[in-house]
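Add chain P with the ligands to chain S, keeping to what the hints say.
Each protein sequence line maps, in turn, to chains S and P. First residue of the first sequence: 1, per the numbering used here; consecutive thereafter. First residue of the second sequence: 1001, per the numbering used here; consecutive thereafter.
FYI, nobody ran anything at the bench for these hints, they're computed from the structure. Predicted model only: the values in this text are computed from it and were never measured. Treat the hints loosely; a few may be bogus.
[Claimed, not checked] In silico lysine-lysine, DSS-like type, Cα no more than 30 Å apart, as pairs:
(1) Lys127(S) - Lys1088(P)
(2) Lys1193(P) - Lys1497(P)
(3) Lys127(S) - Lys1417(P)
(4) Lys195(S) - Lys1088(P)
(5) Lys1345(P) - Lys1437(P)
(6) Lys1417(P) - Lys1040(P)
(7) Lys193(S) - Lys127(S)
(8) Lys195(S) - Lys127(S)
(9) Lys1345(P) - Lys1333(P)
[Unchecked claim] To be clear about the criterion: a stretch of chain P counts as covered by chain S if any three or more of its residues have a C-beta under 8 Å from a C-beta of chain S, and this derived list gives those stretches:
(10) 1108-1122
(11) 1128-1142
[As the list claims (entries may be wrong)] Here are a few chain P residues that sit away from chain S, every Cβ distance over 10 Å (derived from the structure):
(12) Leu1240
(13) Ile1324
(14) Arg1350
(15) His1368
(16) Asp1458
(17) Gly1467
Glycine is no exception: its CB is placed at the ideal position from the N, C-alpha and C atoms.
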Amino acid sequence: MSTTTSVFTKPLSAVRRVDWRQNVIYIGFVAAFLLFAITLGNDGFTTPNNLLNIVRQTASISVMAVAMTYVIATAEIDLSIGSVAGLSSVVAAIAISHFGTVVGILAGLGVGLVIGAVNGGLVSLLKVPSFLVTLGMLGLVVGVARWITDSAPIPIADPFFNALFGGGDIGIIPGLLIWALVFVAVGALVMNKTKFGRQVLATGGNQTAAQFTGINTSRIKFTVLVLSGLAASVAGMLYAGRLQSGRFQWGTGDELSVIAAVILGGTSLFGGRGRVVGSLFGALFIGLVNNGLILAGLDVSQQQIIRGAIIIAAVALSKKK
Amino acid sequence: MTGAATADVTGAATGTTVSAEQVVEMSGISKAFSGIVVLKNVDFSLVKGEVHALAGENGAGKSTLMKILQGVYTADSGEIRVDGIPVKITDTFAARAAGIGMVFQEFSLISTLTVAQNVFLTAEPIERGFLISDRVARERTAAIFADMGVEVDPAAPLANLSTAYWQLTEIAKALAQNAKVLIMDEPTASLAKHEAEALFELIGRLKARGISIIYISHRMDEIYRIADRITVLRDGAHVLTSALSSITPAEIVEGIVGRKIDGQLEWRERAASAGRVPVLEATGLTSGARVRDVSFTLCEGEIIGLAGLMGSGRTELVRALFGIDALSSGSVKIGGKPVTIRSTKQAMARGLALIPEDRRSQGLVLEHSVRDNLMLPLLDRTTSGGFLNAQKIVSLAQTLISKFSIKVSNPTMAVGKLSGGNQQKVVIAKWLGTEPKVLMMDEPTAGVDIGTKSEILDMVRAIADDGKGVLFISSELPELLAVSDRILVLRNGEVVKNMVRSEIPNEEYLQLAIQGA
Ligand SMILES: Nc1ncnc2c1ncn2[C@@H]1O[C@H](COP(=O)(O)OP(=O)(O)OP(=O)(O)O)[C@@H](O)[C@H]1O
Ligand SMILES: [Mg+2]
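For reference, chain P alone in the conformation it holds in the complex:
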């Protein structure tokens, strides 16, 4: 069944002057999607055993460049060499045969199979001629995990595991195929801090084994922590490649956004300070096992940051407030009036909005156009006489697209084709369009580039200045500290600390509060 396409590695090894340790060399790569150029003549090279960071704004073309290396897309022009030999990577098979492993976050694992079954999918160990042996697969998977220095149950069904384990499974899958190059596209976007830490240690071990890693990230601290070199793309073109030891963060940021920006992640006094009028009062909220007896008051114009580890109940709290999960006890007042919220529809009618954590599955209809997605919560405002008014829709969508500088060539393009960061902007724009009284945001800057991140934080500040209350969940402490007037720390579903921003001297203090040390 394994339709065997193999990498065309037979091409003449011409006498180029590539140094022996150059594992991957992409030169002059160009790519256009239906006439729109996304990559222009990009060069990229990877040395054996290095961690090479790939940075750039949302839509700069990072993922596209890597998908070309993985055989998901084929370049319109340009050449790829693996170990100095030109290869034609026409499909994912050819990429694998050439030793390129992928750590996709979104689509390369089967949740209904077990960890070991995923690791050896299409390469199952065979016994007695044609029978596959899950036992052997489990043993080999366990050995791979042991080499990686992590412990994962190979027999566990993937559906029961969290993102961190999915990633480890992806990595193990690539290693099982003897990958010498691993591509990680924003691997920490959905990891908790300690999980990310563990991933970095693992990357260090892989590197020591001579495996090269391409690491796409928007987080500067991570890049400095683990990468040896960095390449920056802007608008589909190569901007710079440099060793991290000889480049400053400011230079990188300038390369990414094309101009100097500074201090975007610092606490800034807001135009209007938080008011005293409560807009949302929660008393004794309990829901499931993850939200226990949570009480707080959110005032008009106030931003409350929700801090905590993965699984501390932050997401569950906002889900319960928004009527997705049922409250088993507790009461909610909005604008001083007691309300019951049993559905998202009621929540919206009461002036709440939630920007969910996982944009792909919860925030967007991926096959629908950008415009349709933006309009979904606004349908009431775009009808006249019971019918949708096309003109209103077009103009309202355009307003949102330009207000949030969403990078899209045509509003009728399917949202799934936008770059990750631009998808996130669509989600935010969509909900701000509803003009809520209380806005809840769950990790709104995950996967968003530095420029956009500061735009989003400015947006959040502007929303609060407008008199709205904001609940802001983030695992990135600097941005939490940059926007919050108050920070609630959750642990095991309970509020363990409720601190005014000025009481928090620095990031370490908050980190300790979160970990409960």
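Isolated chain S, as found in the complex:
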């Protein structure tokens, strides 16, 4: 290295410093947990049962948040996931009652696949902004779900389906926790350790540069939107299994919780950065706050106000320069 040109040798010490703001979710999670544990300890917050309940209630959000991390990392958005979850739950319920478990599951997944492909096709081929495509899709899908069910719930009397998707426990571990953990583990591995994940980050980081490097950015965007649709249909079936019915309301409004969870987790809304594990903690954080506020005896409107304020504060904190 004796020929090293002096100008370029200054140490890049400042560079490796970990930016705590990207990890604010972990601090927030621990802080919220401790706060509730201290103030609500007597209200049963820390009982294993309550904690497992939080996990059960946030499983669907966590699953969708994993896929949403990919979508947001490519600088796109998917607003249709909540409604896709609802439609998947009813389509699975109907198909189960007619054709049995396997067809039911496939039908549920098919919903996510088809809607994800339509979203992805419009975004990647016609270059329609994903915000508009999926916003339109949100309304359309809810309409379809209400229409085919006459807005009525469809019970699922299939014990295997209900046990697989949410009802069952393995030992004391809720099946829903396993679902969430599998999604997160695969999602984190793919994001950080595979070519696909790297290309997702590159597409969101700088689309032109990614194209110039030979990445088919249209295909990446298409793929992440399909994955998001699929994850939403799994989430819908998790609702259906846990609540033993398909219903168009399942998942209503989840897109906001999911996006909040992803952003809280440190994924950049502008693309190029994706943190799957962070998204899981974002989802758990939201579940924790919901649970804590209920135990604290706040009514629904008060919960909504406080939840909104906490999310805004946390996002602002993670963004502040």
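Coordinates of chain P with the ligands only, in the frame set by chain S:
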């Protein structure tokens, strides 16, 4: 995921008389954009291990020719041979497969990834079947940098690094793909002098390894310093190709502009000499860590040059004056009256204008038309009864376009499609349209051709003759010396020298003052 387009290198190696060391040969290349011809039957060839300079006015077609070689655009007609074999370069993939590496300045790196992740993007080292290994990528990147003779932390996120490192990363990325040809489009435009020096040394080392380099530049001294041969384009046509040892600078300039011009970078006595009436007085300005206790007085009709290394605080000083960065202490007087400036809007209302350093990100809305960009700071003057007046806009824009000889076929064309130098003219025209009292210019001639550079310098002189004060930042000392009445040298945010132009005997003297030797 890597949609594999490969170069069509199977074409018949016909018995042409190309010498073996001819790496790239482009012949009869023509290209038109929506009917407007940008390249006419251009020939260009590159020999193994040479540095070949490509020169020409703004809009001459240099970047377009290179983008054709890189597969960004496809030529309408003409042939490209790599190592004597005809290839069809239909996309950037094919170019890469043919061994053509690019050192784009603007768009081929991902700022959210690390250096090593960028170097191996789409070519990540794989372990255990499908998992990519950032560790191996880092090691290999470190090895490439060691070969290049530079030291860069492969794990550093790109967003934290300066332009010089982005360039090194680009070069490493090309080398990682075994490029035998590197294309550098105005690589020193945003480098400080010592960084440029280091780049030249690196180019020398790459050359010694048999890598050929195409080097686009507007700076004659650089071309003579590093290039072996030069090709000049004018209006999309090939003008000359020559070894630099057998051509004079005057001949090159004549080839570039199509006529003889001389002495454009010399100090010239101005029509009206600098006045005595202060127009801008700064006292004890401090802002952030980069501007510390800066005081100076700018008089009507005076041009003050701001000299200093990259990071010496010149840009930050004008940003603070223009209300972009907050002042933590100090006071500003304009026309003798104390003013506070907290926003760019206030700054403009007080008669300040700033032509920013990075035209693409700070000076222009790239997707908008040339006309809309020109009109942006002038909207107040183009309204009647609260609505924009189309006629006024059209005529005012036309006036600016012809006054600054902006080369654009149609004012409604998106500014992003203009050549680099013409984009810069739009930025300058846009701000001069506001008729400010004080004009601050941050590297206004970066990426501007020789003819235009002297036009811009003349423009600056004319503005000062008009009684306006000018703060002129430049890293090119000859032009700083050519226009400034006074030069402030900044170092670490402080003014270390305040010299009248006549006190400075030559460029070396100024260079030493800047480096603090
Ligand atoms: N995508 C495009 N669409 C339309 N016109 C274009 C496009 N790209 C370039 N041009 C035009 O082609 C001409 C040549 O541009 P080019 O960028 O090759 O010039 P250049 O020689 O690199 O100039 P500079 O020194 O200013 O960078 C210009 O007139 C430009 O406006
Ligand atoms: Mg150019």
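Checklist entry - At a Cβ distance under 8 Å, does chain S reach at least three residues of the region 1128-1142 of chain P? => result holds (count 3)
Next on the checklist: Against the 30 Å threshold, does the CA-CA distance of Lys193(S) and Lys127(S) hold or violate the hint?
Outcome noted: OK: Lys193(S) and Lys127(S) at ~29 Å, within 30 Å.
Checklist entry - the region 1108-1122 of chain P covered by chain S? Criterion: 3 or more residues, Cβ-Cβ distance below 8 Å. => result holds (count 9)
Checklist entry - Checking the smallest CB distance to chain S, is Leu1240(P) really beyond 10 Å? => result Leu1240(P) clear of chain S: closest Cβ-Cβ about 31 Å, beyond 10 Å.
Checklist entry - Is the straight-line distance between the alpha-carbon of Lys127(S) and that of Lys1417(P) 30 Å or less? => result Within the cut-off at roughly 21 Å; holds.
Checklist entry - Does Lys127(S) lie within 30 Å of Lys195(S) when you go C-alpha to C-alpha? => result Given that 30 Å is the threshold and the Cα spacing comes to 24 Å, the pair holds.
Checklist entry - Hey, does Ile1324(P) actually stay past 10 Å from chain S on C-beta? => result The assertion about Ile1324(P) holds, with a minimum of 15 Å to chain S.
Checklist entry - Quick one, are Lys1417(P) and Lys1040(P) close enough, alpha carbons at most 30 Å? => result holds (19 Å)
Checklist entry - Looking at Asp1458(P) again, its CB stays over 10 Å from all of chain S? => result holds (34 Å)
Next on the checklist: Please verify whether Lys1345(P) and Lys1437(P) have alpha carbons no more than 30 Å apart.
Outcome noted: It holds: about 15 Å lies between the C-alpha atoms, which stays within 30 Å.
Checklist entry - Regarding the pair Lys1193(P) and Lys1497(P), is the alpha-carbon distance no greater than 30 Å? => result Since the Cα atoms of Lys1193(P) and Lys1497(P) sit roughly 19 Å apart, the hinted pair holds (cutoff 30 Å).
Next on the checklist: Would the hint linking Lys1345(P) and Lys1333(P) be met if the CA-CA limit is 30 Å?
Outcome noted: holds (17 Å)
Hint compliance for this structure: every hint is met.
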